[in-house]
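Residue 92 in my numbering sits at position 92 of the sequence shown, and the numbers go up by one each step.
Hints are computed from structural coordinates only; laboratory data are not their basis.
Positions of the beta carbon are idealized from the N, C-alpha and C atoms, including for glycine.
Misleading hints may appear alongside valid ones.
Simulated crosslink set (DSSO-like; lysine-lysine; CA at most 30 Å straight-line) [to be verified]:
| hint | residue 1 | residue 2 |
| --- | --- | --- |
| 1 | LYS110 | LYS47 |
| 2 | LYS26 | LYS112 |
| 3 | LYS71 | LYS156 |
| 4 | LYS87 | LYS47 |
Here are the in silico distance ranges between beta carbons for each label pair [what the hints assert, rightly or not]:
| hint | residue 1 | residue 2 | range |
| --- | --- | --- | --- |
| 5 | ALA33 | VAL294 | 32 to 40 Å |
| 6 | ALA320 | GLN30 | 45 to 53 Å |
| 7 | THR232 | ASN377 | 33 to 41 Å |
| 8 | ASP109 | GLU208 | 37 to 45 Å |
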Amino acid sequence: METIHRDFIDAWQRFDHWLTTSLFPKWAAQGFAENGAALECFDGEGKPDRQADKRMRVQSRQIFSMCYGYKKGFLPEGKALAQATEKFIRNACPDALPGFYPMTLDASDKVKNAATDLYDVAFFLLAYSWQKDALNDDHALLKAKNLALHVDTVLKSDHGGWLEGTYAHTTRRQNPHMHLFEAFIHLYRVSNDMFWLERCNQVYALFEQHFFDAQHGVLLEFFTTDWQPCPTGGRSVEPGHMMEWVWLLHEFQTVSGTDTTRYQSVLYRNARDYGLTPGNRWLHDTVTPEGTVVSSTFKSWPMTEWIKAALVHSTLPDNANREQDIASATFAIHQLIDGFSHPQLEAHYTYVIDSNGQPVDPKMAASTLYHLCMAHNEASRFFRRCIY
Numbered sequence: 001m002e003t004i005h006r007d008f009i010d011a012w013q014r015f016d017h018w019l020t021t022s023l024f025p026k027w028a029a030q031g032f033a034e035n036g037a038a039l040e041c042f043d044g045e046g047k048p049d050r051q052a053d054k055r056m057r058v059q060s061r062q063i064f065s066m067c068y069g070y071k072k073g074f075l076p077e078g079k080a081l082a083q084a085t086e087k088f089i090r091n092a093c094p095d096a097l098p099g100f101y102p103m104t105l106d107a108s109d110k111v112k113n114a115a116t117d118l119y120d121v122a123f124f125l126l127a128y129s130w131q132k133d134a135l136n137d138d139h140a141l142l143k144a145k146n147l148a149l150h151v152d153t154v155l156k157s158d159h160g161g162w163l164e165g166t167y168a169h170t171t172r173r174q175n176p177h178m179h180l181f182e183a184f185i186h187l188y189r190v191s192n193d194m195f196w197l198e199r200c201n202q203v204y205a206l207f208e209q210h211f212f213d214a215q216h217g218v219l220l221e222f223f224t225t226d227w228q229p230c231p232t233g234g235r236s237v238e239p240g241h242m243m244e245w246v247w248l249l250h251e252f253q254t255v256s257g258t259d260t261t262r263y264q265s266v267l268y269r270n271a272r273d274y275g276l277t278p279g280n281r282w283l284h285d286t287v288t289p290e291g292t293v294v295s296s297t298f299k300s301w302p303m304t305e306w307i308k309a310a311l312v313h314s315t316l317p318d319n320a321n322r323e324q325d326i327a328s329a330t331f332a333i334h335q336l337i338d339g340f341s342h343p344q345l346e347a348h349y350t351y352v353i354d355s356n357g358q359p360v361d362p363k364m365a366a367s368t369l370y371h372l373c374m375a376h377n378e379a380s381r382f383f384r385r386c387i388y
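Please model the complete structure; the sequences and the hints are all you need to start from.
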């Protein structure tokens, strides 16, 4: 076995141990209310925060995460936890179409923001795909299709894609569409239903026509209502999202046969070159299309996307930098754990750090667990290729 593979295996085993024997047990034991609600975070002292509002995107992400742990075999209680959270949502929002929920509940589980956001819808679609995948729940596929059809009815845009939500807006985001892409791909995988592949193709068309800036080789974030780069936020580029698209384009190519390698290569190269400036160990949050660093902070989730992107990029045909990609994934795993594990609290990661590696906010956000699971899943696939 090559040294590059042995180093990756060591990193993978460290990541696997951290996630499955440290983080997940804490979330499973303390991260849910008695009524099944997923809590937003653990506070700066490592205690569950029961006074925070409850965002619907966190509920859906935690349903996904518990399904993931159950499917992988390290969280036998994951099925019951996922089902309890879904029951909580139904009880809190009995009149809503499943997946088309208000954005936020308050600490007492009353609706605080009644609008529905496309971003949240995307994560319920992902949760339903994993309920089918992990729990063999055929009803989840019916909920997903009903949700998608409803979104077509109330949020479909004349300019392509879907509107931001049931609220007034003048700026459109690529981000919700990226997560719809993710959900559509997995729904197609678990159902083999062309209904979902057709929607994958719709999002891919948006990527080619609008999200991808061919001049600079980057992914744009914000747009006008007709998908022109937004005058105010149109120069905002997130290396983490570029990494995420590398992985998504690889997955889309796998299920559809569409050749996306040219996009994968340029996005990966520029995300790495712009996001990881000399001397830094983590990806910058935001840069300009030319690669000028805008932010001075580093979030944890871009590191998980780097892991995924590096591993799938290493498998591209005729890739002369394959070993460098594997080494990058190994490096990213170690820097994720070393940089974002709380320096004092056990089984506690932080969301964002400063340029000195110090936590900007010591809370442990539930929303990050989804990213860790996705990186773990891709790393485990590569690990199996290394040993077989």
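Hints, verified against the model:
1. For the proposed pair LYS110 and LYS47, the alpha carbon gap of about 23 Å is at most 30 Å, so the pair holds.
2. Proposed proximity of LYS26 and LYS112 is supported: the alpha carbons are some 28 Å apart, at most 30 Å.
3. A C-alpha spacing of about 34 Å is found between LYS71 and LYS156, which places the hinted pair above 30 Å, so the restraint is violated.
4. The hinted pair formed by LYS87 and LYS47 meets the criterion: a straight-line CA distance of about 24 Å does not exceed 30 Å.
5. In this structure the hint that ALA33 and VAL294 lie 32 to 40 Å apart at CB holds, the actual value being about 38 Å.
6. A hinted range of 45 to 53 Å holds for the C-beta pair ALA320 and GLN30, which are about 47 Å apart.
7. One distance hint, 33 to 41 Å for the beta-carbon pair THR232 and ASN377, holds here, with the actual separation near 36 Å.
8. Range check, ASP109 to GLU208: Cβ separation about 42 Å, and the 37 to 45 Å hint holds.
Of the hints listed earlier, the one the structure fails to meet is number 3.
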